[in-house]
Amino acid sequence: MIIAEKKPIEEIIEAVKDYGRILILGCNECVTVCEAGGKKEVQVLASALRMYFLKEGDEKRIEERTLERQCDHEYLEELREDIDRYDAVVSLACGVGVQFAAEKYMETPLLPGVNTTCLGANEQRGVWTERCQACGSCVLASTAGICPVSRCAKRVLNGPCGGSSDGKCEINKELDCAWQLIIDRLKALGRLEDYECVAPIKDWSTDRAGGPRKTVREDVQI
Amino acid sequence: MRLKCPSNFRIVRLPCTGKIDVIHILRSFEKGADGVYVVGCREGECHFTSGNFRARKRVEQAAAILEKIGIGGERVRMYNLSSGEAPLFVQYSTEMDDHIRNLGPNPVRNAKGAGEHAA
Amino acid sequence: MSNKTSSRLEKVLRSGQMAVTSECGPPRGSDPEAVTKKGEMIKEYVDSVNITDNQTSMTRMCSLAACIHLKLAGLDPVLQMVTRDRNRIALQSDILGAASFDINNILCLSGDHQSFGDCARGQNVHDLDSMQLIQTVRHMRDEGKFLGGDDINRPPDMFVGAAANPFADPFEIRVPRLAKKVACGVEFIQTQCIYNLDRFEEWMKGVRDRGLHEKVFILAGMTPMKSAGMAKFMKNRVPGMDVPDEVVKRLSGVEKKKQAQEGIDICVESMQRLKEIEGVAGFHVMAIEWEEKVPEIVERSGLYPRPDV
Chain A
49 MIIAEKKPIE EIIEAVKDYG RILILGCNEC VTVCEAGGKK EVQVLASALR
99 MYFLKEGDEK RIEERTLERQ CDHEYLEELR EDIDRYDAVV SLACGVGVQF
149 AAEKYMETPL LPGVNTTCLG ANEQRGVWTE RCQACGSCVL ASTAGICPVS
199 RCAKRVLNGP CGGSSDGKCE INKELDCAWQ LIIDRLKALG RLEDYECVAP
249 IKDWSTDRAG GPRKTVREDV QI
Chain B
186 MRLKCPSNFR IVRLPCTGKI DVIHILRSFE KGADGVYVVG CREGECHFTS
236 GNFRARKRVE QAAAILEKIG IGGERVRMYN LSSGEAPLFV QYSTEMDDHI
286 RNLGPNPVRN AKGAGEHAA
Chain C
6 MSNKTSSRLE KVLRSGQMAV TSECGPPRGS DPEAVTKKGE MIKEYVDSVN
56 ITDNQTSMTR MCSLAACIHL KLAGLDPVLQ MVTRDRNRIA LQSDILGAAS
106 FDINNILCLS GDHQSFGDCA RGQNVHDLDS MQLIQTVRHM RDEGKFLGGD
156 DINRPPDMFV GAAANPFADP FEIRVPRLAK KVACGVEFIQ TQCIYNLDRF
206 EEWMKGVRDR GLHEKVFILA GMTPMKSAGM AKFMKNRVPG MDVPDEVVKR
256 LSGVEKKKQA QEGIDICVES MQRLKEIEGV AGFHVMAIEW EEKVPEIVER
306 SGLYPRPDV
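Residue numbers (my numbering), protein chains in the order written: chain A, 49 to 270; chain B, 186 to 304; chain C, 6 to 314.
None of these hints come from the bench; they were simulated from the model. One or more of the hints may lead you astray.
Going by beta-carbon spacing under 7 Å, a handful of chain A positions derived as facing chain C [to be verified]:
no. : residue
1   : 194
2   : 195
3   : 198
4   : 201
5   : 203
6   : 206
7   : 209
8   : 210
9   : 214
What the simulated footprint calls covered on chain B by chain A, stretch by stretch (three residues with Cβ under 8 Å from a Cβ of chain A suffice, anywhere in the stretch; the number is not a length) [stated by the list, open to error]:
no. : stretch
10  : 193 to 200
11  : 254 to 266
12  : 280 to 288
Glycine residues also receive a C-beta, built at the ideal position from the N, C-alpha and C atoms.
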């Protein structure tokens, strides 16, 4: 899922300080699971902002709402009747949600309340780590289920590089070397000889480099 | 035991401090409390295993937020004791009372419109 | 096998004689003399000289420009090229730029992560990795074509090399990794600097068992220790480096001002021993910022004068 982190409150204060009526808008999906932008986080942010501005002698009305998702039209439409009550919206959804909401409500400033960081998994309570870079041409079948594009700091497709040390990456001793993981897994699968297959030069045109991606399924469009 | 406890305290009872969320602490301040203290079981003796550990983390989180917005992180504290230690409870309460009096009133309290919008 | 390029390094290696290469770091500025002076110092003692490519991600004069200066000064440079900073267009382009000056050796590397250097907040590229870069140079040279398929006018005449580290992790793929580079078309290898000769011999045995020593020329990396402190640092703080206790002890056992000479003695003795190992085709002497010692090391190892080819 998409992982995000709360923005520092100072940043949000700076972004909203000139607006009088503000909506803090949460999302019930990914950002709820990674505890950055769900209903609980909306409540906490709204309360903190209210107290800050009250203390500053600034009259603001700060309201709270959480939508099921902010990346689908039907949920964002739920705001249609109320959107004019606000001078600005701080969306705690991932970057997708903030933008989709902004496109829908062109006349209301849409401000991000979280920093979207990656596509990742929940390794343990409170820890989310990156697993996918959305490169558009998945090579996991040839790397024993471990992605060198997202888990190798140099995205080498024929690794490891010379910086792999004791199973860890040269940039951070706590970061597993993706290629060590791949080799370990190849061994576990009894396929270590596959290590010598040379991965060909990658087609990055399906990645960010090729421009913003678009997926169309005509078979579901009526 | 009829021990004397400061009278300006509002006590909220819970089955376990683990039930507390950050928002409960923040709302208390929004509504004008000058200080909040969370009193839970001694660490390692939580009836529900780790409720008091969760509470401590949430108290720390709330303190960090309160500090950032200029209300003051020292206004919220956690104490641990067992239910049989009434005199200790009084001692902590008195300590908290003194501590908060020294800090002065919650700056939100005197601001216009305080408490009106808190849900 | 006949020479595939006009590289002096290739000629020496294919003649069956021991080759010697060395390494220079370009300056953190634009003064060409910083390069040519070092080149002058070692010119007669080496067959080719590597120029590093923004090593440890510290921004320096580019390897290509420094190689050009050396080439114009009569040396045979090895263009080190990392994949960290350039996409496939720039890589092919720089290869042609080098080839236009008849620079005919290239060393294909991934490159240290940018977080180590002076631009830790920058992007990295890695459009290709080092193995794919090897394939690319061979393709440009032997097929005479760009990666995109078009023909190249005057394809690059380049002898293709890469690095190998017999001491790195994970251990079990050290020889398979060399085999993989050979399969990609690498023609010469320069290893990480060697202090643990036994372990190096073990790696060489694995290399020979697979016949790889007959498919690629292996140059043993050598770096003289300047002091016991340097030995300890490299032992404890540099990953992928194997410095045995005996080496540290030997240096520590000598008074400080004699340690540098002891380090050179150790280097020369190691080279004498390594010369005898089947499959070692030469040496890559890395005396960074100590280039003045290269002549002594080469002479005392019995590798001077360099052959006429």
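### Message
So, against the hints stated earlier in the document, which numbers end up violated here?
### Response
When the structure is compared with the hints, numbers 1, 2, 3, 10, 12 turn out to be violated.
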